[in-house]
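Residue numbers (the numbering used here), protein chains in the order written: chain A, 1 to 284; chain B, 1 to 284; chain C, 1 to 284; chain D, 1 to 284.
These are computed hints drawn from the structure, not numbers from a lab.
Glycine included, every Cβ here is placed at the ideal spot set by N, Cα and C.
One or more hints might be untrue.
As the list claims (entries may be wrong) - Ranges between beta-carbon positions, derived for each pair:
#1 GLN242/A with ALA58/D: 15 to 23 Å
#2 ALA27/D with ASP64/A: 28 to 36 Å
#3 ALA24/D with THR221/C: 45 to 53 Å
Unchecked claim - Okay, derived cross-link-like pairs now, SDA-like style, lysine to any residue, Cα gap no bigger than 25 Å in a straight line:
#4 LYS231/C with GLN242/B
#5 LYS244/B with GLN263/C
#6 LYS244/B with LYS141/C
#7 LYS244/C with THR221/B
#8 LYS231/D with GLY109/D
#9 LYS141/C with GLY223/C
One letter stands for each residue in the lines below.
4 protein chains.
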Amino acid sequence: MARHLLRADQTLVVYDVLPSNVAALVAAGATAATSVRDAAAQADLVLTMLPSSPQVKAVYLGADGVIAAVQPGTTLVDCSTIDPHSAREVGAAAAARDLAMADAPVSGGTGGAEAGTLTFMVGAPGELFTRIQPILAQMGKNIVHCGASGNGQVAKICNNLLLGISMIGVSEAMNLGVALGIEPSVLAGIINTSSGRCWSSDTYNPYPGVMPQAPAARGYTGGFGTDLMLKDLGLASDAAKQAKQPLPMGALAQQLYQLQSNQGAGALDFSAIINLYLSTRSQP
Amino acid sequence: MARHLLRADQTLVVYDVLPSNVAALVAAGATAATSVRDAAAQADLVLTMLPSSPQVKAVYLGADGVIAAVQPGTTLVDCSTIDPHSAREVGAAAAARDLAMADAPVSGGTGGAEAGTLTFMVGAPGELFTRIQPILAQMGKNIVHCGASGNGQVAKICNNLLLGISMIGVSEAMNLGVALGIEPSVLAGIINTSSGRCWSSDTYNPYPGVMPQAPAARGYTGGFGTDLMLKDLGLASDAAKQAKQPLPMGALAQQLYQLQSNQGAGALDFSAIINLYLSTRSQP
Amino acid sequence: MARHLLRADQTLVVYDVLPSNVAALVAAGATAATSVRDAAAQADLVLTMLPSSPQVKAVYLGADGVIAAVQPGTTLVDCSTIDPHSAREVGAAAAARDLAMADAPVSGGTGGAEAGTLTFMVGAPGELFTRIQPILAQMGKNIVHCGASGNGQVAKICNNLLLGISMIGVSEAMNLGVALGIEPSVLAGIINTSSGRCWSSDTYNPYPGVMPQAPAARGYTGGFGTDLMLKDLGLASDAAKQAKQPLPMGALAQQLYQLQSNQGAGALDFSAIINLYLSTRSQP
Amino acid sequence: MARHLLRADQTLVVYDVLPSNVAALVAAGATAATSVRDAAAQADLVLTMLPSSPQVKAVYLGADGVIAAVQPGTTLVDCSTIDPHSAREVGAAAAARDLAMADAPVSGGTGGAEAGTLTFMVGAPGELFTRIQPILAQMGKNIVHCGASGNGQVAKICNNLLLGISMIGVSEAMNLGVALGIEPSVLAGIINTSSGRCWSSDTYNPYPGVMPQAPAARGYTGGFGTDLMLKDLGLASDAAKQAKQPLPMGALAQQLYQLQSNQGAGALDFSAIINLYLSTRSQP
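Next comes chain A alone, as it looks inside the complex (with noise of 0.2 Å):
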């Protein structure tokens, strides 16, 4: 993302905390930061990708974070995936202090970071999305107004909890039915032009040999891990507790995709999981 922005002839200071990741960026043409707030206090506008509510709250809310280190006026964008509770809570510790913030999680993966195609789904009043569209721009190709803030996490945290879903849907029937003796890619096709039509089937085939580009093909490597997956599903039922909404079929996807983990596959792509429909005879 960040290279994306120098290609741009963006101005970067950057920091984090791995000081091997700053240095790659300097050497792509960014100023390196000491600090969280080194960086911020130069920033007029501030970019974060951190990976849970924790250290949001802790960039952006502690004693030498951002809110209290940059300047008037500065605007605040957090990429990162996190409950739409805590992005609320820290957009309006933002809004106390007369800064715009905007929630803008990414879907897409590492591929979609380093191809520019990454998705954003942004939480921000309509005028603040008006002004850092173009900026997002420049590191993905979709970028999508959810409404208010907050509603970027709402946006990302529903559309994973489909996936989730569906993607053991897919497993379930593809698994049943070459079970019951049809070919897989006669299958594959059948749903694809059907009401069960998705993108985890007419994309993202879990079933090896039914799509040469996924990761089903690969051995399950790359992709979108399954621990990321069960993180998604794990803010999508913590948030279902809190609003008091029943989430039984999430609940479970939940469930099955920890038993997958379990058993040693939580590094692999989340389509892995069909592997939990096979028997261990079956298993190579």
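On the provided structure of chain A, position chains B, C and D as indicated by the hints.
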């Protein structure tokens, strides 16, 4: 389906347990038969459409049934949706009398039957498929060869298994998103261009107000009934049990449609499952 | 079961498809019959124990079956575990020939059969129950009247449905507690004196090391096999489907035992389901 | 709980955010404190009972909290039901000030509190358990040592996880049996002497008419509320997520109670979950 064949100048001999159904087709140009045996004895191609496997077995295998009644060389095509095991049992009984038989379940509903846009999923040897394809094409738009005997049924139940799961996945994702504060049509728009994309979301979205032509826009009337989805998920879980394949998401989906049916919604379109997620306080 | 009757000085005429089974009982004092028909024709009380409903229907309803072969006034008792619908169908066929018939499935396993401590769950009119109770008491300890024809099967599958669910509940609770740092025997002790108390916890605990006499103490050998539990949960979910009753926990339990069976554990005691919860890293 | 201590001639200094609660205990012989700090500073043993972990953290860890306020050598006992992780975090903060602290959540409900028959599940070093056991015994009947800090919480949530699952298991088994034609009290009697036996069946049966003293006999009023069961299942699934343990049956149970709560039954006893299984046609 019969009317499309009459319009294509086919000669039809018809039989049904309801005399009024026979009379309506006679008025449209068909000839009435007095029994299954009578109809079968006059046909060079027999087409049947029956509610479930006991009826299919009775009509084909009974002492006065199709297989006993037809002339040598008659072609048999059963369009019922039944379990693959029964379809293959009937197909084998036909083969034992040197009769060529195909299973050819349809999707597309009564609307598709009237419009002539049904999909036929055909289990038959290649030569037989080639021979019956032009006749099925007079009643439907997509005539798909799924492999040998019984594979039409396999394709149908695997597609509908995935459809039943996807629809609940969309219901959970839409309901959760709205509870967390996003506009339903905004969320649907994002999902439909992202990895959660599926037919249940982009063509048949269950959330009211998102799609003017979906059953959700007309109180879930018309469409594909919840109790029909229940029947197909029952066929899938039975087949999975016989084949010793796990089906956790499919089994849970079946139970959720059963809960919904028991709340009085069996005759509504299956996308009404989203109502199971609304609290009593929020229902109209 | 037969040996207990012989020890009680009953006169036994025996038949089985395996001649060695017949020979073993002849050595113990029984008389061999040459067929179902031959055995049934000589009996004033017929006792059967068969694997599933197709065999029960064949043995009772066939042209050479029990109902055709017996003398007027013979009493029929089927001890197989089958679906209530089939049990009632056979019972009705017996009644049509004025024969009194009871369904009397057992629980207690091969150990209970040898020790004479089986439980018989009897579906029969009160008068018939009174009449056969003393004979069943020669083979078992608890002879329970469950109501009219078929109700023995109902009681058996409902009890085993709950048993299958409870065992997974205990597995989840024990596994979670240990992962969170409590000693397994301490946790079992607390549960067994609290509201989580159940037979699966206080008599048959699946966690290794908690109970010296449970299958968990001997590598899950012996006991009640996973594939037999799968059969009974299949009967329960089929009966629920026919009765249009939801069964979400039962259906999920069935799928989890199927997953476990497919990992090569079908012949192990059903309490081995706890192994599904252990990560590959923690398994021996 | 406080009244039992007063009756045992303990000297009580009490504080609550609701002044009326304080006044009622003062009338019974306690002394009022004006704040947490005021109460804690006067105590040699602090007992707390709070709704969830944020309150426990605030009351113990805040600048004016218990740990900051107490005299050296004061003993701390928290009776709240919270997640084990938070319990251990607070326990570690106490230990850092050389204060002995136990987590001692209770079961038995408001009825048990009034009758003095609560069960206390205590996480504490052995020496501390020995010291506080006599005091807890003035309020409860079973005082169980569960191991080190946090293990009281572990025992409580694991027991209630199993309880929540068992109650749904009993509901499914009873509802299915009755639909198949057996008398509910006959079925309960069989289960209660068989391997399906559990507290939810033999002490707290959810089917109306089976047990005169259970909540089912009084419209599911009183008892342990559905929303409290939801809270405990939420603690279990959160703890499982952090510990990376699968919990499919527990997660599904949680969702079924959420469905039931959203149909307006959150305040009813948790055994009212059986109503989820009744069709609208059969409900009164």
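field: Which numbered hints fail
entry: Violated hints: 2, 3 and 6; rest satisfied.
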